[in-house]
Amino acid sequence: MNAAELCRVLLVGSVAAADVPELGEPETREAVRRRLADTGCELAYAPRSERWLARLDGPLPELDGHEPVLAVGTAELAVLATCWLHLRFLPEERARSGEAPDDQPAASFIDPDDLAELLGARLSGVALPGVLERLGRAGYLTLREGQVEAGPLLDTLDEPGAVERARALVARHQRLAHLRQRAADLDADGGPDAED
Amino acid sequence: MWPEPAGEPPQAGAATPTPSAGRAVPSLGPFAELLGQPYQRLKVAVLRELAGLERPSWPLAEAERALTWLEPVTATRLLSELRADGLLVEAGRPAGAPGEPTAWRLSDEAQLVAAVCAILAAPRIAPERAIKVLGAAMALARAAGTDERATYGPFVAATSVLERHLDTMVRLIDEGAEDALPGAIRLARTLLADMRELLEQAGGGQTHPAERRAALTGDHLQTLTDEVEAGLAGDGRDRDAASRAGQIPSAEELRELIAATDVATLAELVAAPLQLPPAIPPVRAGTALAALDEHLGRPEPVVVPLPEPTLLPIESPEVVPDFVLLAADVMTWLAGLGESDLAKWVVGGTWAEATARMAAAVEAWSRWGPAGDGSLAAELVPRARFEVVGHDEVGVVSVTTVRAPATRTSGDPPPEGQQPAPVGAGSDETSP
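Line order of the protein sequences matches chains A and B. Quick note on numbering: the first sequence equals residues 1 to 196 in my numbering. Quick note on numbering: the second sequence equals residues 1 to 432 in my numbering.
Please note that the accuracy of each hint is not assured.
Some but not every residue of chain A turned toward chain B, in silico, with C-beta under 7 angstroms [to be verified]:
#, residue
1, Arg29
2, Leu77
3, Leu85
4, Arg88
5, Leu186
So, partial list: chain A residues that the calculated Cβ filter (under 7 angstroms) puts toward chain B [unchecked claim]:
#, residue
6, Arg94
7, Ala95
8, Leu128
9, Leu143
10, Val170
Derived by calculation from the structure, the hints in this document are not laboratory data. Every residue gets a Cβ at the ideal spot worked out from N, C-alpha and C, and that includes glycine.
One chain only, chain B, in its complex shape (with noise of 0.2 angstroms):
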């Protein structure tokens, strides 16, 4: 088994040795991290020293003298340290001639331990060489014989690789990135060989969960990138494929197109073409001083004066008479020019006039005539009579007569310009 590391300084209060200025600790990159307190991380720095010397094996002294980025002091320390933990043991064979120091090397685990910590200090492992990393962390983890979850582990990981390409994918789709797409299908391609030759790794029957998923996301990523691939191509075999590119668009296509277009790429659209009209306003001095004496030789305008005020007639409203009062008035008066027509009072002005003048008349023959008090001084006579219509027809016509009451003698014509009276006024000549 791996000796667990120590965790803290040998003597108990000292201080963590620090790399004397100006020399560089080998990076661990991310990993440093995960090793959590700066002890721990320089004894992994030690041991990726020391795997990388020439020879396999070499003295304590040359060992010190390689970690150029330590103290003298501390270097021995870390060393001791190191041989402690059996991580540095006997080459068992003498380094030199007879006299010479005690080889020492690396443990077969520490061995393994420097060279795996040599891929994890990567900075940074390329997108395309991930899950071939992944792969050869699986081919690690098989050929260490570790349990089922440790070899699936990179599986997983693997899986989550090409998710996020996928996720990747569409995001460049979605965004229109179109010009990012070309080098996103190229990655596509290689994760995507590199996962099937981690499918035939783990034997190719998908018997684990791990390993359907895998497969499964591997289609799902190779249909997507066989079809960004053709659509971009635009050699037509997407024209299967429902898809409407290089078709004429329809007005709500169009619409949908300026919407998602930015402002600057719709500009740039007719700015080459663009040729501006010169833009000459047709305005000379002359032009403008001749608008201008037009404009001033205009007649000053004048103040017209406001209407002197007037009183306006006022009439009361008594003065206005009844209309029927008036009918009555008017049917005496007509009786006393003798044998009169009522149609010279009706008939005149408007429809609506003439029938208010004979509504009227009607009015006053119902109260004050014979069917009435009796009191109006004229009467009524309604005649039937023909009347000549066009050429040769003719109609029956009603012709309403106003004479004097019958108790009046008839032939008696009532004086010169006699005023007809109010009815109901009780003078002699109206009364029954």
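Only chain A is shown next, with the shape it has when bound in the complex (with noise of 0.2 angstroms):
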């Protein structure tokens, strides 16, 4: 496939690495990188799942009259958010500290029914499936013998912001959950009304 062709095969979905060897042909990278680039798009390799991609190289821009094919809503950003936390950042951040329990192995994909507990009440009536099958479509999410796992698209968020952001919630979380910890156990041990 020439440099025009794989650009085709991009910019309709990602593609297997082992499927495409021209592009690790270092011309033929560079010729296509330059290609996507010329319509807002950028080459993007996704180490996990050994596959290459095409993805949009910056913010989409608010058009009034814009009707994307896929449109990310608050749902889909959170059920992603939920995915990426469970099946990339913890992973990553055990790995990084190189804390791996056996006893607690990081999952490699979610139960549809645990994130339905988690979040499915809370996505102002977006159906949970729809979500899913949104997601698993774009490749950010594979859906597999009735599972969620990591599709290629996923490890495109493991940028240092994104885990910056994530690791601050994450400590805020500690902290608070800490302090109400101590809060009730000042209330239970000194409390104005213990003496009472």
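Join the two chains into one complex using the hints; note that each chain is given alone, in its own frame.
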């Protein structure tokens, strides 16, 4: 395949690196990058799934009459964030710290029932199966044998900014959990009513 | 003693005086509700106005002119009532040159009431001043020499302020309102400092229950404030307090986090780094038309006619022979052939079929053979013989021979093509 054909393939969907050895050649890869850049896209590689993919190289401009093929709303983003936290952030954090307890292996999949329990009632009436189907079609998730696995595009969220935000969120949650516990302990041990 | 204020206008049936339109009555704040009727409020407002004049004494005419928010007639009447109540007294010295009208001033009690009312008239006391104001009230009560109950009343109120703030901080923690906690910490520090002053002002002995409760509440708030401040500082001061802040979360902890985080915050987590994939469907008009052409080019489906109905053969149940009778017929037929092996009929087909035939032969032999009614026109003769098994082994087998009964001439074969007769048919050949 030449660079133009590779671009067509990538613009339609991700492709296994083994199926496009041409992208292993620096000249071809550079040509593909250039062509994609001309259309506001960029070439990316998902190392975990070993797939090449194209993605937008910047934020999507807002236009009133625009009808995107893949509309990502708050519901989709929340589900995506939940899956990313479980399937990418947590394993990476454990690997980074060398903390990987044997009795708590990082999950490689999520049960859709778990997602429904966590988020289902908070998606403003958007049905979770539909959200999963859209995210799967886009390549962020893979639905296999009734489980939700990471899709090739999920790796593209592993940016320092997102990781830092997630760490801050986790730290905030842990702080507040600790403070709640301390407040409860103080209330039980030495609250103003304890003397009474 | 402070004279009781008049509850009604002096003249029975007189209407409550109303302020002139367009003039502002000095606000009494929340205190106005406590005063009840509008007439009493007006009297307190007049006291406040007079206490705020530049000079401590003045002619009544000047006082009337100061009450710009009252009709002159009403102002005159109210001043007269205040004089009657002993709240407005002669100053004891002329206000100006000889011949000038008598000077008047507020009595000492009226001055005190006006001062306290000025404080109470504040529309709102800032939270950080609450205990300070209560401390001042306690000091005022002590200075006025009131009883213990009046002295410690503000103490109880100040403790209540601390308890409310403690509840507020716990609520903020429960709600995860981390942004509001620094402000709550600052307020807690101010309140705690004021409460310490209050305790010192009370002597610091903590002999009264109200003091002990205040001290305990203060300690509680102090501890929680320190913990929250350390936790928010994130400088590691809270690590020894078993906080997990900054540690790698467990999967369960992550679930709790997601459950406790609102959907919009979760969405923001990935909204920024999200770079959508291009979603171009790989379909062109030519491709679609080619697919349609291929579909339309398929051969038209042919309707296969239904098969013609045919009559199925019906077999009467009586036609099916009894298997034991069949065995007797077969043995009779075999006996008619001369000597023959029963195995010729028994062996064959599946094991189940062969054993069924063997069982039928045994049954027939039992019924109609020598041990039965003797009507079977055949005789079974078992013989043991050796049989070579494999290359160098032999086995003993029992061969059952079928032959005509001994009464028949042994060398007399049955006629050619003779078919086995039913057992018990009574033919000469089968009779014993």
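Right, here's what the structure says about each hint:
With its C-beta approaching chain B no nearer than about 18 angstroms, Arg29 (chain A) sits outside the 7 angstroms limit, and its interface hint is violated. Evaluation of the Leu77 (chain A) hint against chain B yields a held restraint, the C-beta minimum of about 3 angstroms falling below 7 angstroms. Restraint check, Leu85 (chain A) versus chain B: the minimum CB separation of about 6 angstroms is within 7 angstroms; hint holds. Given the 7 angstroms rule on beta carbons, the hint for Arg88 (chain A) is violated: about 10 angstroms separates it from the nearest Cβ of chain B.
Restraint check, Leu186 (chain A) versus chain B: the minimum CB separation of about 6 angstroms is within 7 angstroms; hint holds. Evaluation of the Arg94 (chain A) hint against chain B yields a held restraint, the C-beta minimum of about 6 angstroms falling below 7 angstroms. The closest approach between the C-beta of Ala95 (chain A) and any C-beta of chain B is roughly 10 angstroms, which is over the 7 angstroms cut-off, so the hint fails. Nearest Cβ of chain B to the Cβ of Leu128 (chain A): about 12 angstroms, over the 7 angstroms cut. The hint is violated.
The beta carbon of Leu143 (chain A) comes no nearer than 17 angstroms to any beta carbon in chain B, farther than 7 angstroms, and the hint placing it at the interface is violated. For the restraint placing Val170 (chain A) at the interface with chain B, the shortest Cβ-Cβ distance is roughly 5 angstroms, inside the 7 angstroms limit, so the hint holds.
Of the numbered hints listed earlier, those contradicted by the structure are 1, 4, 7, 8 and 9.
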